[in-house]
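These protein sequences, in sequence, are chains F and W.
Mapping the first sequence onto my numbering, position 145 (from 1) lands on 155, and the numbers just tick up by one.
Mapping the second sequence onto my numbering, position 44 (from 1) lands on 46, and the numbers just tick up by one.
Honestly, I wouldn't trust all of these hints.
Unchecked claim - Footprint (simulated), chain F over chain W, 3 or more residues, beta carbon under 8 angstroms:
| id | stretch |
| --- | --- |
| 1 | 104-114 |
| 2 | 121-133 |
Unchecked claim - Capping the alpha-carbon separation at 25 angstroms, the derived lysine-lysine pairs in DSS-like fashion look like this:
| id | chain 1 | residue 1 | chain 2 | residue 2 |
| --- | --- | --- | --- | --- |
| 3 | F | Lys167 | F | Lys118 |
| 4 | W | Lys31 | W | Lys20 |
| 5 | F | Lys22 | W | Lys135 |
| 6 | W | Lys129 | W | Lys175 |
| 7 | F | Lys24 | F | Lys118 |
| 8 | F | Lys118 | F | Lys22 |
| 9 | F | Lys162 | F | Lys118 |
| 10 | F | Lys22 | F | Lys66 |
| 11 | F | Lys66 | F | Lys78 |
| 12 | F | Lys66 | F | Lys24 |
| 13 | F | Lys118 | F | Lys78 |
| 14 | F | Lys24 | W | Lys129 |
| 15 | F | Lys22 | W | Lys175 |
| 16 | W | Lys31 | F | Lys162 |
| 17 | F | Lys66 | F | Lys118 |
| 18 | F | Lys161 | W | Lys31 |
| 19 | F | Lys24 | W | Lys175 |
| 20 | F | Lys118 | F | Lys161 |
Stated by the list, open to error - Quick look at which bits of chain F chain W covers, simulated, 3 or more residues with Cβ under 8 angstroms:
| id | stretch |
| --- | --- |
| 21 | 65-78 |
| 22 | 123-132 |
| 23 | 145-156 |
| 24 | 159-168 |
Treat the hints as calculated values from the structure; they're not laboratory data.
Virtual Cβ for every residue (Gly too), placed ideally from N, Cα, C.
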Amino acid sequence: METYKTFYIQYKDKLFAYLMRLTGDYQLSGDTMQESFTRLLSHYGPNEQSAALLFKIARNAVMDNARKTHHSCSTEDCREDENHNPEAMVLVRETYRAVLAAMQQLDKTERDILSLAAGGEFSYRDIADIVGISEANVRVRIHRARMNLRKKLQSGKDDR
Amino acid sequence: MNPMISLFLDNELNLEEKCLFVENIRNDKLFYQNSLQLLHQEMLIRSDVVEQVPRVDIPMPGRWMLTLKNLIRPAVLIPAAMACIILFLIFLPSVTTTPPGPSLNRFVIYRPEAGRVEITGSFTGWKRVPLQKVGDSGYWEGTFGLTAGEHRYTYIIEGNEPIADPTVLAMEKDDFGGVNSIIHVADQA
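Given only the sequences and the hints, what does the whole structure look like? Please build it.
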């Protein structure tokens, strides 16, 4: 169990950062982090310490949640509420708020793979496996994501 | 723009491609400027997102059994805790330090009935390290180099029963429902 604790300490912050980049939601990221570590432990036991598996579980949980939210929330007001949580944004470092806002404007897959790559933990092959696309596709889209993020960050600066 | 910069950022270039990348940087001013911009952007993306990662609760299988075990043994725990406090007070002045490096700190716990006692904490990289039995005294001890600052740790009895240091008042719950003791090592410099 102690080795699982070491694994948890090693990946807790990294997983949370990934979830924040992916969802932009502090509360959801915390809940998903807890759910992912718990699922990994209960389904695979304390000796299964694959970071790729942990992130895959976390990503699937986010996707499931998005599907559920989409079903239960279809009005325009509801969508606005999802993306606007000023209390939670206070917990985000000031220098990172613009990055999170820009990330949320990216295409879903681009945001997905860039969020994984930004952790510096996984190769393109790992990312392809986690996201379920080809490695060649990751190579192309990750660069496109970075270029698009640069545009969004730039236009965010121009707006201010 | 040339996607090579992303491969560079993600350590996906082989040696030949790295040569080409360096040549491009030298020969193409726009490529150089774009690469530098994306490098700065990447530093920003990879920086810390939040001030504090939230505390969560990861349920540990079998924890209720440990709690029950503790409850039915107060007769053992209370004298043991008192003995630990006395022993800690005896040993406290003898803690040796070797400034400016990590100071040596001795950890002692009274567990005469135990066959194995380990310690895990921030100073062991949260790896379990076995403590040594002190003769037939019932005490277990270990000495570790601790850098200045705050450290967290817990003892583990028989490989499965975590127990906070009864001689240390400062404690905090960890994310697994356990309790870590907190000590502060003063800067020796």
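Verification of the supplied hints:
1. 104-114: Coverage by chain F is violated here, the residue count being 0 at a Cβ distance below 8 angstroms.
2. 121-133: holds (count 5)
3. F:Lys167 with F:Lys118: holds (22 angstroms)
4. W:Lys31 with W:Lys20: The given pair, whose Cα atoms are some 17 angstroms apart, holds under the 25 angstroms limit.
5. F:Lys22 with W:Lys135: With Cα atoms ~34 angstroms apart, Lys22 (chain F) and Lys135 (chain W) exceed 25 angstroms; violated.
6. W:Lys129 with W:Lys175: holds (18 angstroms)
7. F:Lys24 with F:Lys118: Holds, at about 20 angstroms.
8. F:Lys118 with F:Lys22: holds (23 angstroms)
9. F:Lys162 with F:Lys118: holds (15 angstroms)
10. F:Lys22 with F:Lys66: This hinted pair holds, its Cα atoms lying about 14 angstroms apart.
11. F:Lys66 with F:Lys78: holds (18 angstroms)
12. F:Lys66 with F:Lys24: Between Lys66 (chain F) and Lys24 (chain F) the Cα gap is close to 13 angstroms, so the pair holds against 25 angstroms.
13. F:Lys118 with F:Lys78: Holds, at about 17 angstroms.
14. F:Lys24 with W:Lys129: Roughly 20 angstroms separates the two Cα atoms, so the pair holds.
15. F:Lys22 with W:Lys175: holds (16 angstroms)
16. W:Lys31 with F:Lys162: Since the Cα atoms of Lys31 (chain W) and Lys162 (chain F) sit roughly 23 angstroms apart, the hinted pair holds (cutoff 25 angstroms).
17. F:Lys66 with F:Lys118: holds (16 angstroms)
18. F:Lys161 with W:Lys31: Satisfied, since the Cα-Cα distance of roughly 20 angstroms is no more than 25 angstroms.
19. F:Lys24 with W:Lys175: Holds, because 21 angstroms separates the two Cα atoms, which is no more than 25 angstroms.
20. F:Lys118 with F:Lys161: holds (16 angstroms)
21. 65-78: Per the Cβ count (0), the hint is violated.
22. 123-132: holds (count 5)
23. 145-156: With 5 residues in contact (Cβ-Cβ under 8 angstroms with chain W), the coverage given for the stretch 145-156 of chain F holds.
24. 159-168: holds (count 3)
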